[in-house]
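**Q** Listed here are the chains, written in short residue letters.
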Amino acid sequence: MVKTIAQASLGVHEKLMIRKNTIRNGSSKQRLSIVTGIHGDELEGQYLAYLIGSRLREKIEYLNGTVDIYPAMNPLGIDSITRGIPLFDIDMNRIFPGSEEGTMPEALAASVINDLKGSDICIDVHSSNIFLMEIPQIRISVPTAEVLVPYAKMLNVDFIWVHESATVLESTLAHTLNSMGTKTLVVEMGVGMRITKEYCFQVFDGVFNLMKNIGMWSGETVPVREPVISLNRSVGFVNSDAAGIFVPCAKFGDHVEKGQLIGQVLDPLNGSPAADIKAVCSGMIFTLREYPVVYGGSLLARILMSESEEKCHE
Amino acid sequence: MNKEIIFTLRSPYRENMDVVGYRFGSGERSAAIVGSFRGNEIQQMYVCSQLVKILRRLEETGQIVKGKEIMVIPCVNYYSMNIGKRFWPMDNTDINRMFPGYDMGETTQRIADGVFARLQGYEYGIQLASFYQPGNFLGHVKMMETGFTDKELMKKFGLRYGIVREPRPYDTTTLNYNWQIWETKAFSVYSGSTDRIDENAARESIDAILRFLNGTGIITRKVRPGYLTSIIPESNVAQIHTETAGIFVSMTETGREAAENDVIGKIVDPFDGETLSLIRTRFSGIVFFEYDSPLINEHTVVFKIIRE
Ligand SMILES: [Zn+2]
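Sequence order for the protein chains is A and B. First residue of the first sequence: 0, per numbering that gives the first Met the number 0; consecutive thereafter. First residue of the second sequence: 0, per numbering that gives the first Met the number 0; consecutive thereafter.
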């Protein structure tokens with residue numbers, strides 16, 4: 000059943016609507032919410048939402064509980080290739096919990112929270128941005144790790160990144176819901192403006208595995224992989240100091256040694272390299288720049304430091 | 000006057016972006032003034048440019064107090080300004096959401112770091128700020144409540160209102176907030192418009208800043224007296240939201256009084272011209288903010304009223 004959970008009139012003859020599809024079967028009161036499209040340029044979640052809805056439609060008899068699918072939290076953004084909310088240039092993931100008395104984005108945010116709260120689990124699917132490719136991963140802040148890591152492990156991701164919490168992130172959807180007691184997991188995978196089918200299938204298997212584990216799904220599932228967890232391991236950031244065109248030579252998911260060449264920043268005008276880009280530590284590349292144009296400071300890669308190297312540091 | 004390049008950024012094909020600062024006087028870091036971070040903050044840059052001009056004359060005539068240094072940075076981000084973008088050209092991030100910055104981080108974090116490193120240690124910090132929506136403000140000054148905020152200082156600007164804001168999570172990465180954390184007394188001055196120059200509002204802001212610099216013993220130039228500033232919490236500024244969408248017609252202007260239940264604007268159907276709704280005040284006060292774009296959405300802050 001499709002329902003509009005938030006709406007606002009726009010200047011000329013149009014209503015902005017945020018919609019969800021509620022799929023329900025059996026007697027269980029359990030509820031899983033799949034959220035995506037807070038950032039209008041992140042589309043991996045579109046295919047994942049489709050896959051989940053489609054499987055549930057075909058095999059509804061195996062569902063026990065409610066699955067709510069919210070494919071487009073920022074509909075104007077998705078329809079116009081805009082990351083934030085168009086018109087306001089506002090990042091929708093920085094205005095939660097919102098306010099019914101607030102501005103249009105805040106009022107929408109408040110309606111969204113109102114509708115999502117009470118879910119047993121919420122999965123908020125992101126795909127990095129247009130600049131970076133990410134291995135399927137879940138990001139969890141330290142204070143919520145104890146509660147969330149067991150669920151994150153069910154989702155068939157490669158990596159669970161437990162990071163320090165920052166005040167500015169208190170206005171995200173996930174932080175707001177987690178602090179209200181609605182367990183919310185943030186998935187990051189793939190790259191903006193594209194669909195990476197294999198990642199969508201991977202997390203799709205994870206979602207049904209999680210549903211099985213919490214007793215909402217009795218249909219078939221496949222075994223899930225054991226993710227690497229970042230706890231007690233450092234992440235190395237490779238930022239460019241040069242400006243130019245980045246061309247990687249390492250591959251995503253590769254294990255690299257400290258000092259190994261990852262790629263080059265090139266100067267096409269002079270036909271010369273502007274900088275050699277080397278690994279800052281040994282480990283696995285779990286983020287790699289996809290968009291070639293770089294300024295000083297642009298992030299090129301993130302490397303999860305190997306446990307062995309970590310020991311050398313101590 | 001000393002012109003210095005505070006931070007330089009290279010891009011693949013554009014000329015380097017130099018963040019330029021103008022230093023007046025020498026000695027203890029007394030006041031830093033920063034203009035635009037966003038590509039549409041033209042008024043904010045303009046106010047700073049006029050201050051540079053005035054401070055240069057004051058320095059030549061010995062009216063900057065001995066042992067006091069003033070720094071003015073008119074524009075931190077003209078890369079966006081020159082291509083008609085509001086935020087950073089590449090990733091659309093807002094430099095004023097990147098403080099205190101990080102020298103090993105992303106581009107806009109590096110810009111924030113470079114600028115902040117130079118802006119630290121000043122006794123007073125003044126930023127020419129803008130609102131995220133199109134509209135006109137009554138000129139005012141704002142401070143963020145961080146626990147050790149001396150609100151009375153706002154009176155030295157002689158603007159009509161001094162507003163105290165309780166910081167929200169997203170404020171913690173602004174220049175103003177971080178200045179305060181690093182013990183600079185920080186103010187945001189709102190100067191009427193943003194993407195076009197409002198000369199009267201600019202004059203008011205310039206006078207207010209000079210009055211402040213005079214009142215705090217940094218310059219010795221008399222400015223005609225201003226208002227007896229009312230210091231009010233932001234919660235006293237009532238917002239009026241639209242309940243419909245369409246073409247917006249204002250029936251008042253900033254600074255005007257409005258009585259309870261007065262009609263101060265209306266929304267008209269964009270196709271058939273019929274009035275869809277009248278916008279009324281719910282209480283009497285001074286019109287403090289007025290939306291100024293022809294099209295308006297539902298749930299939009301169309302007026303702000305200071306309750307009197
Ligand atoms: Zn996202």
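There could be a bad hint or two in this list.
[Said to hold, decoys possible] One side only, chain B facing chain A, incomplete, derived with CB under 8 Å:
#1 Gly104
#2 Gln108
#3 Gln119
#4 Val267
#5 Pro269
Because the hints were derived from the structure by calculation, they are not lab data. None of these values were measured; they are calculated from a predicted model. Positions of the beta carbon are idealized from the N, C-alpha and C atoms, including for glycine.
**Q** All the hints need checking, so say for each whether the structure fits it.
**A** Verification of the supplied hints:
1. Because the beta carbon of Gly104(B) sits about 6 Å from the nearest beta carbon in chain A, less than 8 Å, this interface hint is met.
2. Evaluation of the Gln108(B) hint against chain A yields a held restraint, the C-beta minimum of about 7 Å falling below 8 Å.
3. Annotation: Gln119(B) was flagged as interfacial toward chain A, and the flag is violated, the nearest CB pair being 20 Å apart, outside 8 Å.
4. With 8 Å as the threshold, the beta carbon of Val267(B) stays out of range of chain A, its nearest partner Cβ sitting at about 11 Å, so the hint is violated.
5. Proximity of Pro269(B) to chain A holds as hinted, the smallest CB-CB distance being about 5 Å (cut-off 8 Å).
Against the hints set out earlier in the document, violations occur for numbers 3 and 4.
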